[in-house]
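S.K.: Here is how the chains run, residue by residue.
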Amino acid sequence: MAVELQATDSVIDFTIKILLLGDSGVGKTSLLTRFAHDSFDEKVASTIGVDFAVKKLSVYDKRVKLTVWDTAGQEKFRTLTSTFYRGAKGIILVYDVSRPDTLRHLEEQWMRELELYGTEADAVRMVVANKVDVGDARRVSWHEGSDFARRHGCLFVETSAKTNIAVANAFEELVLKILETPSLLEDAGAHSGTVRLDSLQSGYGVYDYCYC
Amino acid sequence: MPYIEKERLPNSESKLKEMIRKGVPPTLRHWVWMEVSGARKKKASHAESYYSIMVKAGEESANKKDIEMDSQHTFPEHPWLSSADGQAALRRVLQAYSVHNDRVGYVRAMNVIVGLMLVALNRNEEAAFWLLAALVEDILYPGTYSRNLEGCQVEMRALDELISTKLPRLHEHFTAIDLDISMLATDWYLCLYSLSLPSETVMRVWDALFFEGPKILFRVALALLKIYEEHMLRVKDAGELMMRMRNAAATMHQRDVLLATAFDGIGGLPMATIDRFRELKQREVEEMLAGRGIKAEVLAGAGGSSGTSPAMEKAAKEAAEKMKQGFGKFMAGVTKLADKTAEQLARMNTREDQQQPAVATGGSPAPAPVPAPAAPSAALGSPGASSEGSAVAAAAQEGAEKAPSGNPFI
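Chains A and B are the protein sequences, given in the same order.
Each residue of the first sequence is one higher than the last, beginning at 406 in our numbering.
Each residue of the second sequence is one higher than the last, beginning at 869 in our numbering.
Read the hints as simulated data drawn from the structure, not as lab findings.
It cannot be assumed that every hint is accurate.
[Claimed, not checked] Computed list of lysine-lysine pairs in DSS-like fashion (alpha-carbon distance at most 25 Å, straight line):
1. B:K885 <-> A:K567
2. A:K448 <-> B:K933
3. B:K909 <-> B:K933
4. A:K582 <-> A:K448
5. B:K910 <-> B:K924
6. B:K883 <-> B:K909
7. B:K932 <-> B:K1083
8. A:K467 <-> A:K567
9. B:K883 <-> A:K448
[Stated by the list, open to error] Under 7 Å between C-beta atoms, here's a sample of chain A residues computed to sit facing chain B:
10. S451
11. M516
12. S546
13. H548
14. E549
[Said to hold, decoys possible] Derived list of chain A stretches under chain B, where covered just means 3 residues or more per stretch with a C-beta under 8 Å from a C-beta of chain B:
15. 443-450
16. 468-482
Heads up, the beta-carbon is just placed ideally off N, CA and C, and yes, glycines get one too.
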């Protein structure tokens, strides 16, 4: 359904901004690296400030450039990142299936932040249950997660960044839904009809810069 | 610094400053840092056993969980810091500090500062503890690590003002591509560059920071931006610019170039100017946070009462009025800022009215089309080049291996 484009592909129909939200340690950065670079490392540094990655996909005959933003989950960092919500068309709310409090915080904290700072009324929201590879350590069932997502009008996907379960699917499903929402595409193409990539370097991913 | 001998610093402040700016020899760092930062005095004003008592008390730290989690993810490629011993040492210092200063507790970023200190100071935990105390309590802008990191937000806004004075073209470009300076510089200020620059470069920055204070953070930020200005002017996407700048900083091995630019290449930077901006921005940040609180309350109580909206309106108006009054005593150009802030508050207020219950409406304008950059690239080498041996190259000091390629932190 979605095909990855070469990083050097310079003709883009839409640029779509996606945010990753959720508590510290639920695996936002790992989801980002899995998606953007198809790899996983146990030794990931804690995020300070924001991180960012780009990936280009071809979906429905449309060439889409995704800019995915990842932020520090620690509470003190929340008011720092308000600017980072601006213009986000897709929101991925991540929890860890082995830590029920991380699901609870999606409702109590992260959805509030979104209401405070989100700028797109129709932004597509998705709840991602990460770390389904944990086996017996799982504390939140599929039903609890999907009920929660349905209650809040969000898409729902269970993933494992570690064992590469459904990570690409999650992003693709989100993108499909965004492409089906005309109000979200109004300005997504306007200022990015043709993106000319800098000739210096085009194939960078999250691995080429420091995680801080 | 051939003239600094152990136990004897030059009497002349300017001579000392000059020597420190040239770099403290690694073997003298422990002693010089403790002296010039005030950490030694701080330590001396407490009982001999103070640190060990704090370590003990730290075992019950309220921040234990966060510290535990972050200490496992601090310079994960560094052989010692990723070992059980290194992580335990880091945990001890951070827990001890979190009880010593329980108003601040622990904030992520302290882990990388202390991690790098331990490596630089031969794993001396007590020295790292007192240096952290000197930084947080005396050297850095108050509130840098407070709840909501207000102090850091103030510094970001002050930096933004300095950029508009010192590098106006770049400032204009940032505005055009909707890049908030906090995206680039938050970790510079919170982690004191320990995650952003190669560690040998960080050491030089810290030498000056301990002696001259947070002005150095501004000088280095402006120097980095100045050195890569032409590159950044050509990047038209905020995220890509952020990544390129990070790459550039991570490969800033020519520390003499960076520091020469920081000390001599960006012109005068009187502390009075920084303080004036800080005072303004402090108020702005406080109002912003107050507005956020009110807004959060409105959202929490949404759906029911209609009485919340006028309250919000009133609060915003009052805030704007108060700010304008306060600004009277500052320079003329500053009034513009007050208006801007008042306008922001008003806009926030309007938005509030429009969107009582649910998600915010599309209030913010799409980023304006970017004007073509005027200047060609400077011959500085691609900032996108490999980040080999970046910040944690402190490892190098220990003869450790570098990450095979790409990001050393993964």
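S.K.: Decide, hint by hint, whether the structure agrees.
M.R.: Outcome of the hint check:
{"no.": "1", "hint": "B:K885 <-> A:K567", "result": "violated, 50 Å"}
{"no.": "2", "hint": "A:K448 <-> B:K933", "result": "holds, 18 Å"}
{"no.": "3", "hint": "B:K909 <-> B:K933", "result": "violated, 31 Å"}
{"no.": "4", "hint": "A:K582 <-> A:K448", "result": "violated, 33 Å"}
{"no.": "5", "hint": "B:K910 <-> B:K924", "result": "holds, 20 Å"}
{"no.": "6", "hint": "B:K883 <-> B:K909", "result": "holds, 22 Å"}
{"no.": "7", "hint": "B:K932 <-> B:K1083", "result": "violated, 32 Å"}
{"no.": "8", "hint": "A:K467 <-> A:K567", "result": "violated, 29 Å"}
{"no.": "9", "hint": "B:K883 <-> A:K448", "result": "violated, 44 Å"}
{"no.": "10", "hint": "S451", "result": "holds, 4 Å"}
{"no.": "11", "hint": "M516", "result": "violated, 9 Å"}
{"no.": "12", "hint": "S546", "result": "violated, 24 Å"}
{"no.": "13", "hint": "H548", "result": "violated, 26 Å"}
{"no.": "14", "hint": "E549", "result": "violated, 23 Å"}
{"no.": "15", "hint": "443-450", "result": "holds (count 4)"}
{"no.": "16", "hint": "468-482", "result": "holds (count 6)"}
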